[in-house]
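A.B. asks: As a plain string of letters, each chain reads:
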Amino acid sequence: MNNKVTSTGDSPKVGSVINKKWLIEQKSLIALIMLIVVVSFLNEYFFTVDNLLNILRQTSVIAILAAGMTLVILTAGIDLSVGSILALCGAFAASMISMEIPVLIAVPVSLLGGAALGSVAGMIIAKGKVQAFIATLVTMTLLRGVTMVYTDGRPISTGFTDVADVFAWFGTGYLFGIPVPVWLMIGVFSSIWYLLNHTRFGRYIYALGGNESATLLSGINVDRIKIGVYSICGLLSALAGIIITSRLSSAQPTAGMGYELDAIAAVVVGGTSLMGGKGRIMGTLIGALIIGVLNNALNLLDVSSYYQMIVKAVVILLAVLVDTKHK
Amino acid sequence: MNQPILELKGIHKSFPGVKALDNASLNVYPGKVMALMGENGAGKSTLMKVLTGIYSLDDGEIFYKNKQVKFTGPRHSQEAGIGIIHQELNLIPELTIAENIFLGREITNRFGAIKWSVMFDEAQALLDRLNVKHKPSQLLGELSLGEQQMVEIAKALSFKSEVIIMDEPTDALTDTETASLFTVINELRDEGYGIVYISHRLKEIFQICDDITVLRDGKFIAQRKVAETDEESLIELMVGRRLDEQYPRVESKHGTTCLEVKNLSAAGVEDVSFTLDHGEILGISGLMGAGRTELMKAIYGALKRHSGQLLVEGKAIDPRSPQEGLASGIAYISEDRKGDGLVLGLSVKENMSLCSLKYFSKGMQLDHRAESLAVEDFIHLFNIKTPSRNQIIGNLSGGNQQKVAIAKGLMTRPKILILDEPTRGVDVGAKKEIYQLINQFKEEGMSIILVSSEMPEVLGMSDRILVMHQGRISGEFMASDADQEKIMACAFGHNTKELSA
Chain A
0 MNNKVTSTGD SPKVGSVINK KWLIEQKSLI ALIMLIVVVS FLNEYFFTVD
50 NLLNILRQTS VIAILAAGMT LVILTAGIDL SVGSILALCG AFAASMISME
100 IPVLIAVPVS LLGGAALGSV AGMIIAKGKV QAFIATLVTM TLLRGVTMVY
150 TDGRPISTGF TDVADVFAWF GTGYLFGIPV PVWLMIGVFS SIWYLLNHTR
200 FGRYIYALGG NESATLLSGI NVDRIKIGVY SICGLLSALA GIIITSRLSS
250 AQPTAGMGYE LDAIAAVVVG GTSLMGGKGR IMGTLIGALI IGVLNNALNL
300 LDVSSYYQMI VKAVVILLAV LVDTKHK
Chain B
0 MNQPILELKG IHKSFPGVKA LDNASLNVYP GKVMALMGEN GAGKSTLMKV
50 LTGIYSLDDG EIFYKNKQVK FTGPRHSQEA GIGIIHQELN LIPELTIAEN
100 IFLGREITNR FGAIKWSVMF DEAQALLDRL NVKHKPSQLL GELSLGEQQM
150 VEIAKALSFK SEVIIMDEPT DALTDTETAS LFTVINELRD EGYGIVYISH
200 RLKEIFQICD DITVLRDGKF IAQRKVAETD EESLIELMVG RRLDEQYPRV
250 ESKHGTTCLE VKNLSAAGVE DVSFTLDHGE ILGISGLMGA GRTELMKAIY
300 GALKRHSGQL LVEGKAIDPR SPQEGLASGI AYISEDRKGD GLVLGLSVKE
350 NMSLCSLKYF SKGMQLDHRA ESLAVEDFIH LFNIKTPSRN QIIGNLSGGN
400 QQKVAIAKGL MTRPKILILD EPTRGVDVGA KKEIYQLINQ FKEEGMSIIL
450 VSSEMPEVLG MSDRILVMHQ GRISGEFMAS DADQEKIMAC AFGHNTKELS
500 A
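Going down the list, the protein sequences come from chains A and B. With numbering that gives the first Met the number 0, the residue at position 240 of the first sequence is 239, and numbering never jumps. With numbering that gives the first Met the number 0, the residue at position 476 of the second sequence is 475, and numbering never jumps.
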């Protein structure tokens, strides 16, 4: 109970106590490191700068989705619509770029579009008192349909203009030797970390997820918090859509299908409780990396994609079981 | 008097920090109706939960048909022949009457298929016996509350129960439904069933019961024959105790009027008016469900007001949400810490500052230093026992949780502090500390509303006392004129005009 009491007298004992507690708290980080070490021995190419950067870049899209999903899940909600918002906003950005609308306009407009779409789900949940699962199931299906109609079921190319070249930077560019999507991922996680730990809004997210009626009775505008988290989640989904579109130089109408489940898995592996109120954003980053490293490693080790799914499922189950055991 | 069929002897049961049952006893006789009475929190429900094995007992013995027994759960006690009808009915509206009666023990053939005709026939026989004019195949949800209660009784009878316990059975019933319930109780009594009747309603006790057992503070106080007692002496038995020195009342000069409530109505509150001065403690007494919490939530803005006016320091306010209530200078500390008072998974610090974070931020950024300093101040001032301000609040004792809840309200710098059951589930030592804190606020000129079911607490702390009954104010006393009997009488809805000074 009193692990936090630090006395200077018997530091070795306190040290060992903190170590054990620290181990439990950092179990997802330890799992990630162990995974990296084991795979490094199994495959010599794995632990190279090229491959590690490759993993980070591949992980960035799911990680950014998972960052928004973390906020939603912390309020005891869920957002199934991230994949659809990703596709629609990606398509929207692609068509703007193909019309040679400058990147500085096209990208912010797409991002705001994503936030607006997210806020619609938030309003249905907050004002309409609809369960988050149902509300976002509806927007997921609806927006995928809108994407299909908008793209006519075909990919939208960003074209071969100068604007398209600038736009391609988001998915394919490098800054100081590190891929741009990785920088974006770092930026997103830093911002969300700041939001959760250093703003009132962040504090209210934890309170809302922990006990909604107590939060309401404490004079906090619960509806605004809910709409806020779904808007942020929508905005980050749009950002993920821009990265994918930019990387492929075209928007696929089926982009992001099933990504909501990968994002949820990353959040859960990162130790955030689906009951809300408990979890850390850096846990989600580690969760996303564990899934990313696993995907990469299974590919390098020539494991067939059929078995990959089975291995992934087992890893997620193990992570959650370990988590439940220590609660 | 004949031999009891069910006997509870010297039952003890403690929860962390609270002694819920302290040598409680109860005898149930075949062919008699035993009333179980006591104030809120006297231990009636706990005793029933110990009997049926929902709670394990710390000490004491239970004899059923002269054999010592120990039930492991409601299922077990029911199969042994003790049926309980709870205040909230445990029935499923979407199922038929027969399905409800035989839920979990459906009559089946060898292959597990339900023998509907047999089940319906047996259910019909039970319904006939209770004079319920419905088919067993009807959905339960289509029945009135009173009829549903009859189905509960039918269910109890279907277990071949010999003891039937009814917890506040008439709370939701109309007068006619109550009358038919009493007819059934009389028949059951004549057939030799032992019945326990738990109720707040004195009138009903004298109408239907043969004997009375009174509990107070978890202790067995007395067993009386109804024929040999009257309302006055019964109230005295329930209330009983002397006020001790636990309540260090401070006299302070009242200031000007701080809060004025005019003709306020809301769900569960009917046409309530009162005033509250600066530096005054106004006690609100009444039985559970009298509308006290609803009134407070309506003033705070957490419950929609249907009509009425609120004035704070002469200015009309119209709080439609807790936000607006707080902005008007009203802080409400909930009676239900776990339910809507605290966020148990967050730390002491995060809970305490939750209502007042805007005082601890610069722009949108939290000022962690200012927040921690303020929280440390309150931890020190309130003598909150916690390893650190970052301790998860769910790990603290009830008393310390309550102190954090009060500090949370105070941090908003309110003019009016509403404390709803501030000492529920709090141990004696912490209680006294909380009383001293309340007095301190009073001396500083804060206006305080103290809602409490504990009569001595209301009498010992308040300057003035309002009593509520069925959503209305049924009595008002200056503390010097009030005593427990008068308040209890008002709480039971007696006319107050001849009693109040």
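These are computed hints drawn from the structure, not numbers from a lab. The C-beta atom is built at its ideal place from N, Cα and C for all residues, glycine as well. There's no promise every hint is true.
SDA-like, lysine to any residue: derived pairs with alpha carbons at most 20 angstroms apart [to be verified]:
| hint | chain 1 | residue 1 | chain 2 | residue 2 |
| --- | --- | --- | --- | --- |
| 1 | B | K132 | A | R223 |
| 2 | B | K337 | A | R223 |
| 3 | A | K126 | B | Y434 |
| 4 | B | K357 | A | R223 |
| 5 | B | K414 | B | Y434 |
Chain A is nowhere near these chain B residues, computed Cβ spacing over 10 angstroms in every case [as the list claims (entries may be wrong)]:
| hint | residue |
| --- | --- |
| 6 | K8 |
| 7 | M118 |
| 8 | P321 |
| 9 | E349 |
Short, incomplete list of chain B residues facing chain A, as computed with Cβ under 7 angstroms [unchecked claim]:
| hint | residue |
| --- | --- |
| 10 | A301 |
| 11 | L310 |
| 12 | V311 |
| 13 | D339 |
| 14 | G340 |
| 15 | C354 |
| 16 | L356 |
| 17 | S360 |
| 18 | Q364 |
A.B. asks: If a hint holds in the structure, say so; if it does not, say that too.
C.D. replies: Tested hints:
1. For the hint pairing K132(B) with R223(A), the CA-to-CA distance comes to about 51 angstroms; that exceeds 20 angstroms, so the pair is violated.
2. Restraint check for K337(B) and R223(A): not satisfied, since their Cα atoms lie roughly 24 angstroms apart, outside the 20 angstroms limit.
3. Of the supplied pair hints, the one linking K126(A) and Y434(B) is violated, its CA atoms being roughly 41 angstroms apart against a limit of 20 angstroms.
4. Distance check on the hinted pair: K357(B) and R223(A) sit about 16 angstroms apart at the alpha-carbon level, within 20 angstroms; holds.
5. Our distance criterion of 20 angstroms between C-alpha atoms is met by K414(B) and Y434(B), whose separation comes to about 18 angstroms.
6. A cut-off of 10 angstroms between C-beta atoms confirms that K8(B) is not in contact with chain A; the least separation is 38 angstroms.
7. Under the 10 angstroms C-beta cut-off, the non-interface status given to M118(B) relative to chain A holds; the minimum distance is some 36 angstroms.
8. With a least beta-carbon separation of about 4 angstroms from chain A, P321(B) fails to lie farther than 10 angstroms from that chain, contradicting its non-interface assignment.
9. At roughly 6 angstroms from the closest C-beta of chain A, the C-beta of E349(B) falls inside 10 angstroms, breaking its exclusion from the interface.
10. With a cut of 7 angstroms, the hint placing A301(B) at the interface with chain A holds, because the nearest CB-to-CB distance is about 6 angstroms.
11. For L310(B), the interface hint is violated, since its Cβ never comes within 7 angstroms of a Cβ in chain A; the closest pair sits about 20 angstroms apart.
12. The interface hint given for V311(B) is violated, since its Cβ lies 16 angstroms from the closest Cβ of chain A, which is over the 7 angstroms cut-off.
13. Hint on D339(B) holds. Least Cβ distance to chain A is approximately 4 angstroms, under the 7 angstroms limit.
14. For G340(B), the interface hint holds, the least distance from its beta-carbon to any beta-carbon of chain A being 6 angstroms, beneath 7 angstroms.
15. Satisfaction of the interface hint for C354(B) is found here, the shortest Cβ-Cβ separation to chain A being roughly 5 angstroms, below the 7 angstroms cut-off.
16. With 7 angstroms as the threshold, the beta carbon of L356(B) comes within range of chain A, its nearest partner Cβ sitting at about 5 angstroms, so the hint holds.
17. Because the smallest distance between the Cβ of S360(B) and any Cβ of chain A comes to about 6 angstroms, under 7 angstroms, the interface hint for this residue holds.
18. Evaluation of the Q364(B) hint against chain A yields a held restraint, the C-beta minimum of about 6 angstroms falling below 7 angstroms.
The structure shown violates the earlier hints numbered 1, 2, 3, 8, 9, 11 and 12.
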